[in-house]
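If you're matching them up, the sequences are chains R and V in order.
Position 113 (the first sequence) corresponds to 111 in the working numbering; numbering is contiguous.
Each number in the working numbering comes from the position in the second sequence (counting from 1) with 92 added on.
Hints listed in this document are in silico derivations from the structure and should not be mistaken for laboratory results.
Positions of the beta carbon are idealized from the N, C-alpha and C atoms, including for glycine.
Any given hint could turn out to be false.
With a cut-off of at most 30 Å between alpha-carbon atoms, the simulated DSSO-like pairs for lysine-lysine come out as follows [what the hints assert, rightly or not]:
1. V:Lys163 - V:Lys240
2. V:Lys163 - R:Lys26
3. V:Lys365 - R:Lys229
4. R:Lys262 - V:Lys365
5. V:Lys505 - R:Lys266
6. R:Lys203 - R:Lys266
7. V:Lys380 - R:Lys262
8. V:Lys163 - R:Lys262
9. V:Lys240 - R:Lys262
10. R:Lys56 - R:Lys165
11. V:Lys505 - V:Lys415
12. R:Lys229 - V:Lys119
13. R:Lys235 - V:Lys380
14. V:Lys163 - R:Lys56
15. R:Lys229 - V:Lys226
16. R:Lys195 - R:Lys101
17. V:Lys240 - R:Lys29
Some residues of chain V that are not near chain R, with every Cβ distance over 10 Å (derived) [said to hold, decoys possible]:
18. Arg313
19. Gly336
20. Glu356
21. Ile497
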Amino acid sequence: MSDFEIVTRADFSDVTFLLEVRHPLMAKAAKPGQFVIVMEHEAGERIPLTIADFDRDKGTITLVIQAVGKTTKEMQQNCRVGTHLFALVGPMGIPSHIGKAKKVICVGGGLGVAPVYPQARAYKESGAYVIGVLGFRNKELMFWKDKFGAVCDELIICTDDGSEGLKGLVTAGIEQAAARHSDIDEAVAIGPPIMMKGCAETTRKLGIKTMVSLNPVMVDGTGMCGGCRVKVGDRVKFACVDGPDFDGHEVDFDDLMARLARYKPTEKEALEHWQTACRLRSPVNAVPASAEPPKA
Amino acid sequence: MAKKKTIRSIPQARTPMPEQAPEVRVKNFEEVACGYRMEDALVEAERCLDCADEPCVRGCPVGIDIPGFIKKITEKSFHGAYNVITDTNLLPSVCGRVCPQENQCEGVCTVGDTLEPVAIGRLERFIGDMAIDKGWANVPYIQRQPFKVGIVGSGPAGMACAADMAKAGCEVTVYEAFQEPGGVLKYGIPDFRLPNPVVDVEIDKLKKLGIRFECNTLVGRLFTLEQMLTEMGFHAVFVGTGAGYPSFMGIPGESLNGVLSANELLTRCNLMKARDFPNHDTPLQPGKRVTVIGAGNTAMDALRVSLRLGAEKVICVYRRSAKEAPARAEEIHHAQQEGVEFHWLTSPVELLGENNTVRAMRCEQMELGEPDASGRRRPVPVAGSAFEIETDMVVFAIGTNANPILGQTSGLKLDKRGYIATDESLATSIAGVYAGGDIVTGAATVIQAMGAGRRAARAMKAYLGLRDSDSIYAAEGAESAPRLFGIDRRERGHARVHLG
């Protein structure tokens, strides 16, 4: 098996970074839409991360991480090339269904940009016309433009401040794509819940079937804890084994967002505890305490 | 020759086991029952009549030679007792603690017809713990066979099957999805009933048999069962993945924050050590007024864990009466001693929230009506009896459904409820693949899962053309055993290596 060695690291911004981890078996097994669970160290938390890429020849999988809470900030600090993750298990979840769609929109917002890449590539390989819609806060935070460019027939970049591409949210990008193309078969949207909710509302009006990838709080990722239960239509599903992809027009995003907030106070406590410990160890490298953005 | 014991000549009272006082133990995660001291064990062992009938052996799912090991204790041959137990059960420290002996060996004990039955479980634990303490491990002489066996799941079923297949000479690999092996023994059963270090010692014994444990491996998704049999070269595979998928009731308010499954509560607390937050990163929002729905062993664990996490009030809600509660009597008794409040004949109908967080549970009073299909009297609501329980954490411990992963990823035939379909020998619909434990039967006990693991191992040995025996005998006509690192062949006539 693998010892989860980190073979590449790239920093896209001061919060977003990429890790390429050696795991030949997983690289062979991974399919678009699947996720892994990572533990950075022995006393760490198990966190789910969507697989952003996999390379069967190199035997690696790629994760793109946003340092927002204790665990991810700690990973940002500790995960260097040549170091090892304590645990990495997957691929988990039902792979995305890459159907016979002729024309699709692949929407990625913020952290969701990376995990929508394997789906865009798979659609391209299946012969579909792929329109990529990627959203970032600003140009500085943008990454993988070229990588998407290589698998998309059209690429629409949206930034909140207009520093690159369209000024506005990814929903504006979807509307622009829909205005140009009346024959879009389906859409895939990955990102923070509020963004996926907006995308689903937009595509509902346009009558475009939309799949979203949910990343709720979970422990084992194998169907055992039930922490990741989500409301889809009138049913309760476990995102880890029944998903993570669901019909965006059926998902109850408000429920998802409320449930994502349930460990907020303890997450804050963990972060503060760790930052205090960091300061004590190394006053120079202290990580500034900052308001925590919502976990995507 | 000692005089034959009679029911009148043996110590009349069952020897009590020292326990932590309820008011002390409720503040720690140390074991509740401290275990027999040697003098306790020697007295209790005298209570076994060594009767000809041996109903206890038949009452044991793995068929431990119970009178045999107890006799060794009376002779103060503790290592001998350990050898007898480990002929059939590699995990005496685990089973001595968590088996429901009152329904098994002790439930049919001859002494129990007249007096309280012999405390078989406590004696088994005494021997198991002594073995850990002294570093005993029995590694039988293993005759290598050219077979690779894969085990999916490192819980009690997988461990038992792995041990038998390793003893039969197979090269055994156990796959586990979590970061450490042990399954429910690690994530589910809390340390005050079964300390995780005890499980680790037992797993180390399996490693001494040559068994390899591969953690962080989700079979079905990382590779399939079919791949194991083809590209990976396994000659036989055993699936013991456990039941896994927790049930909820489907009442309004279940997605409120503060509502979770017992599996989630226990996994966070036990395996992920949320009780040591923030030194361990996994959080657990502690409840002040915790309500647990259900009255099985898992519910008792959830209730007692909640007390230890600092809850002020811990309530058990069960729709039938105490008599129907599936938990072991001892567990309910312990929970009561520790201050758990039991609301029998009470069924939740709705969870009420505020700011997305649960604040109360609306319940109905029930009464027992006519017997249902299970033969138990069916609880029916009493009209106009609704009332509210104030609560900030609600834990569902009402059982589990079948985990879907292997069904999704292989050609395994499932039964109507989604569990793996097997025949009598525990063979599945795929040749060479066997299954046992909760993923076949639905939620049951640790020892039942171990029994299933061993039963499957027998069938797997037959499938591979291996001789089935509990221990490996030296080949006939072979040189006398002492060449093999001090094997003692006198004991029940089989070869055995003593380590430590």
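To see whether the hints hold, each was checked on the structure:
In summary, the hint linking Lys163 (chain V) to Lys240 (chain V) is not supported, as the alpha carbons are separated by about 38 Å, beyond the 30 Å threshold. Among the hinted pairs, Lys163 (chain V) with Lys26 (chain R) is inconsistent with the structure: their alpha-carbon atoms are about 56 Å apart, more than 30 Å. Restraint check for Lys365 (chain V) and Lys229 (chain R): the C-alpha separation of about 29 Å stays at or below 30 Å, so the hint holds. For the hint pairing Lys262 (chain R) with Lys365 (chain V), the CA-to-CA distance comes to about 18 Å; that is within 30 Å, so the pair holds.
Between the alpha carbons of Lys505 (chain V) and Lys266 (chain R) the distance comes to roughly 46 Å, so the proposed pair goes past 30 Å and is violated. For the given pair, Lys203 (chain R) sits about 38 Å from Lys266 (chain R) by alpha-carbon distance, which is inconsistent with the 30 Å threshold. For the given pair, Lys380 (chain V) sits about 18 Å from Lys262 (chain R) by alpha-carbon distance, which is consistent with the 30 Å threshold. With a CA separation close to 58 Å, the supplied pair Lys163 (chain V) and Lys262 (chain R) exceeds the 30 Å bound.
Taken as a hint, the Lys240 (chain V) and Lys262 (chain R) pair is broken in the structure, with Cα atoms around 47 Å apart against an allowance of 30 Å. A C-alpha spacing of about 38 Å is found between Lys56 (chain R) and Lys165 (chain R), which places the hinted pair above 30 Å, so the restraint is violated. Our distance criterion of 30 Å between C-alpha atoms is broken by Lys505 (chain V) and Lys415 (chain V), whose separation comes to about 37 Å. Distance check on the hinted pair: Lys229 (chain R) and Lys119 (chain V) sit about 37 Å apart at the alpha-carbon level, beyond 30 Å; violated.
Between Lys235 (chain R) and Lys380 (chain V) the alpha-carbon distance is near 28 Å, which keeps this suggested pair within the 30 Å criterion. Taking the CA atoms of Lys163 (chain V) and Lys56 (chain R), the gap is about 61 Å. The hint is violated against a cut of 30 Å. For the hint linking Lys229 (chain R) to Lys226 (chain V), the alpha-carbon distance of about 53 Å lies beyond 30 Å, and the restraint is violated. This hinted pair checks out: Lys195 (chain R) and Lys101 (chain R) have alpha carbons roughly 22 Å apart, not beyond 30 Å.
Between Lys240 (chain V) and Lys29 (chain R) the alpha-carbon distance is near 28 Å, which keeps this suggested pair within the 30 Å criterion. Separation of Arg313 (chain V) from chain R is inadequate, the least Cβ-Cβ distance of about 5 Å not exceeding the 10 Å criterion. The non-interface label for Gly336 (chain V) is inconsistent with chain R: the shortest C-beta to C-beta separation is roughly 5 Å, within 10 Å. At roughly 4 Å, the least C-beta separation between Glu356 (chain V) and chain R is not larger than 10 Å, which violates its mark as non-interface.
Non-interface status of Ile497 (chain V) relative to chain R is broken: a Cβ of that chain comes within 10 Å, the nearest being about 6 Å off.
Checked against the numbered hints above, the structure violates hints 1, 2, 5, 6, 8, 9, 10, 11, 12, 14, 15, 18, 19, 20, 21; every other hint is satisfied.
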